[in-house]
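K.L.:
Now for the letters of each chain:
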Amino acid sequence: MASLRDIKTRITSTKKTSQITKAMQMVSASKLNKAEMSAKAFVPYMEKIQDVVASIAAGSSDVSNPMMMARPVKKTAYLVITSDRGLVGGYNSNILRTVMAKINERHTSSDEFVILSVGRKGRDFFAKKGYNIIESSIGLPDHPAFADIKEITRKAVGMFADGTYDEVYMYYNHYVSAISQEVTEKKVLPLTDIQPTGSTASYEFDPSAEVILEVLLPQYAESLIFGALLDGKASEHAASMTAMKSATDNASELIGDLTLVYNRARQAAITQEITEIVGGAAALE
Amino acid sequence: MKTITVNIVTPDGPVYDSEVSMVIAVTATGEMGVLPGHIPTVAPLGIGAVRLKKENSTELVAVSGGFLEIRPEKVTILAQSAETATEIDLARAQESAKRAEALLQARKDEIDYKRAELALKRAMNRINVYEGNI
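First to last, the sequence lines map onto chains A and B. Sequential numbering from 10 applies to the first sequence in the working numbering. Sequential numbering from 672 applies to the second sequence in the working numbering.
Worth flagging that the hints you see were computed from the coordinates, not collected in a lab. Note that CB positions come from ideal geometry on N, CA and C, so glycine has one too. Do not take every clue at face value.
What the hints assert, rightly or not - Taking beta-carbon pairs under 7 Å as the criterion, some of the chain B residues facing chain A (in silico):
#1 ASP683
#2 GLY684
#3 VAL686
#4 LEU706
#5 PRO707
#6 GLY708
#7 ALA714
#8 PRO715
#9 GLU740
#10 THR747
What the hints assert, rightly or not - Not close to chain B: a few residues of chain A, all C-beta gaps over 10 Å, as computed:
#11 SER47
#12 MET55
#13 ILE65
#14 VAL220
Stated by the list, open to error - Result set (DSS-like, lysine-lysine): computed pairs, CA atoms no more than 27 Å apart in a straight line:
#15 LYS195/A / LYS31/A
#16 LYS138/A / LYS84/A
#17 LYS725/B / LYS57/A
#18 LYS137/A / LYS57/A
#19 LYS195/A / LYS137/A
#20 LYS137/A / LYS49/A
#21 LYS724/B / LYS769/B
#22 LYS196/A / LYS84/A
#23 LYS40/A / LYS83/A
#24 LYS164/A / LYS745/B
#25 LYS164/A / LYS792/B
#26 LYS195/A / LYS43/A
#27 LYS164/A / LYS724/B
#28 LYS254/A / LYS57/A
#29 LYS40/A / LYS17/A
#30 LYS769/B / LYS159/A
#31 LYS724/B / LYS57/A
#32 LYS785/B / LYS159/A
#33 LYS164/A / LYS138/A
#34 LYS57/A / LYS84/A
#35 LYS254/A / LYS138/A
#36 LYS57/A / LYS138/A
#37 LYS57/A / LYS673/B
#38 LYS792/B / LYS159/A
#39 LYS159/A / LYS40/A
#40 LYS43/A / LYS159/A
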C-alpha cells in the first residue's frame with residue numbers, strides 16, 4: 010500500500026491538473042460562444058451570394074463558366090481542415106480517418122491527388138504519410154476574419170482555375186451542437202450542384218452574365234471555404250470544451266477515490282498506533 | 672421622399688443597414704447611381720467608395736471586391752471587405768499604402784506588381800473615404 014505521503018502528493022497533483030483543465034474548459038466555452046457568433050454573422054453573406062449565383066445560373070442556361078464545368082479528373086485536391094493544437098478529443102483523428110478512408114477508396118497511387126491542409130495536425134499527419142501537400146496553412150487565429158484566410162481560399166480556387174487539379178473536396182467538422190460535431194465532406198469545385206432557391210428574380214446584368222459569373226464564382230467558392238473554416242473553428246472549440254470537461258470530471262472522480270484511500274490509510278495508521286500503545290501499557294502492568 | 676433600403680454585408684458580418692434616397696457605387700463599367708424603383712440588376716463592384724445619399728447628408732463606405740444586387744425596393748452590396756468612414760483604421764491604411772508603393776518601386780515580377788497595385792488602390796480608397804474627399 011502506498012504511503013500516506015505518496016497519496017497526498019497524488020491528490021495534490023491531480024487537483025492542480027483539474028484546475029488547469031477546468032480553466033481550459035471555460036476558455037473554450039467562451040471561444041465557442043464567439044465562434045458561434047461569427048459563424049452566424051457570416052450567414053447573411055452566404056445566403057445572398059448563393060441566391061444570386063443560383064438565380065444567374067437558373068435564369069440563363071446558356072451561360073457557362075469553366076468553374077461550373079466538370080472536366081475529366083486527373084488530379085483531385087483534398088482540403089482538410091484540422092486544428093493546430095491537440096487536446097480536442099477526437100476532433101482531428103475523426104477527420105483524418107475519414108479522409109484516409111476516402112483516399113484509399115478512390116485512389117491507387119499518391120500521384121492522383123494533392124492535399125491542401127489547414128492546421129498543424131493535418132499537415133504533420135499527411136507529411137508523415139509522404140503525401141503531396143501543395144498548400145498548408147497553420148497558426149490560424151481562433152476567430153478568423155475573412156482577410157486572414159483570403160490567401161488560402163484564393164490559392165485553392167486559383168489552382169483549380171489554372172488546372173493544377175480538376176476537383177476539390179473539402180473535409181471539416183460540422184458543428185451540430187456543443188456536444189456533437191460530425192465530419193462533413195463537401196465538393197467545392199467544380200460548382201456543379203448550385204441549387205436554385207425559391208426567390209429567383211430575373212436580373213439585368215451589367216455588363217453581362219458571363220462577366221458577372223467570372224467575378225462571382227471564385228468569390229462564391231471562396232466563401233464556401235470560409236464558411237467551412239468558421240464551422241470547423243466552432244467545432245474545434247466545442248470539441249476542446251467537451252474534452253476538457255471530461256478531463257475535469259475524471260480528475261474529480263480520481264480525487265474522490267484517492268481521498269477515500271488516503272482516509273483509510275490514515276485511520277489504519279491511527280488504529281495501529283493505539284493498538285501499540287495499549288499493548289505497551291498492558292505489558293507494563 | 673422615396674427611399675431605398677441599403678444593406679452592406681461582408682463575410683465578417685453586416686456593416687451597414689439603412690434607408691437612403693440614392694446609392695452611388697463604382698462598378699466594373701463605371702459609376703452607377705441607383706434610385707428607388709430601379710430595375711433588378713446585378714453588377715460587379717470595383718474598389719471604391721459607395722456613396723449613400725440621405726435627405727441632407729452623404730455617407731461613405733469603402734468597399735473592395737464583390738457585387739451589387741439591386742431590387743426595386745432594396746440594394747444589397749456583397750463585398751469582401753467594407754468599412755464605414757468611422758471604422759477605418761487610418762494608420763493601417765497609410766502603412767499599407769506605403770508598403771504597396773515600395774513594392775511598386777521595386778518592380779519585381781508581374782504578379783507582385785499587380786497585387787501591389789491593388790493593395791495601393793484599396794489603401795488609397797480607405798484614406799479617401801476616411802478624409803471624406805470623394
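K.L.:
Taking the least C-beta to C-beta distance, is PRO707/B closer than 7 Å to chain A?
P.N.:
violated (16 Å)
K.L.:
Between LYS40/A and LYS83/A, is the straight-line Cα distance small enough, at 27 Å or below?
P.N.:
violated (41 Å)
K.L.:
Quickly compare the C-alpha distance for LYS195/A and LYS31/A to 27 Å and report which way the hint goes.
P.N.:
Outside the cut-off at roughly 35 Å; violated.
K.L.:
Taken at face value, is the distance from the CA of LYS57/A to the CA of LYS724/B at most 27 Å?
P.N.:
holds (24 Å)
K.L.:
Taking 7 Å as the limit, does the beta-carbon of THR747/B come near enough to a beta-carbon in chain A?
P.N.:
holds (6 Å)
K.L.:
Using the nearest Cβ pair, does GLY708/B come within less than 7 Å of chain A?
P.N.:
With a minimum Cβ separation of about 14 Å from chain A (threshold 7 Å), the hint on GLY708/B is violated.
K.L.:
Taking 7 Å as the limit, does the beta-carbon of ALA714/B come near enough to a beta-carbon in chain A?
P.N.:
Hint holds; ALA714/B Cβ to chain A Cβ min 4 Å, cut 7 Å.
K.L.:
Is LYS254/A within 27 Å of LYS57/A, Cα to Cα?
P.N.:
At roughly 38 Å apart (the allowed maximum being 27 Å), LYS57/A and LYS254/A break the hint.
K.L.:
Could you grab the alpha-carbon distance between LYS769/B and LYS159/A and see if it respects the 27 Å cut-off?
P.N.:
Between LYS769/B and LYS159/A the Cα gap is close to 21 Å, so the pair holds against 27 Å.
K.L.:
Since SER47/A was said not to touch the interface, does its Cβ keep a gap of more than 10 Å from each Cβ of chain B?
P.N.:
violated (7 Å)
K.L.:
Is the hinted pair LYS57/A and LYS84/A satisfied, with a Cα-Cα distance of at most 27 Å?
P.N.:
Violated, at roughly 31 Å.
K.L.:
Is it true that the CA of LYS159/A sits at most 27 Å from the CA of LYS40/A?
P.N.:
Distance of about 22 Å is within 27 Å: holds.
Violated hints, in rising order: 3, 4, 5, 6, 11, 12, 13, 14, 15, 18, 20, 21, 23, 24, 27, 28, 29, 34, 35 and 36; the structure is consistent with all others.
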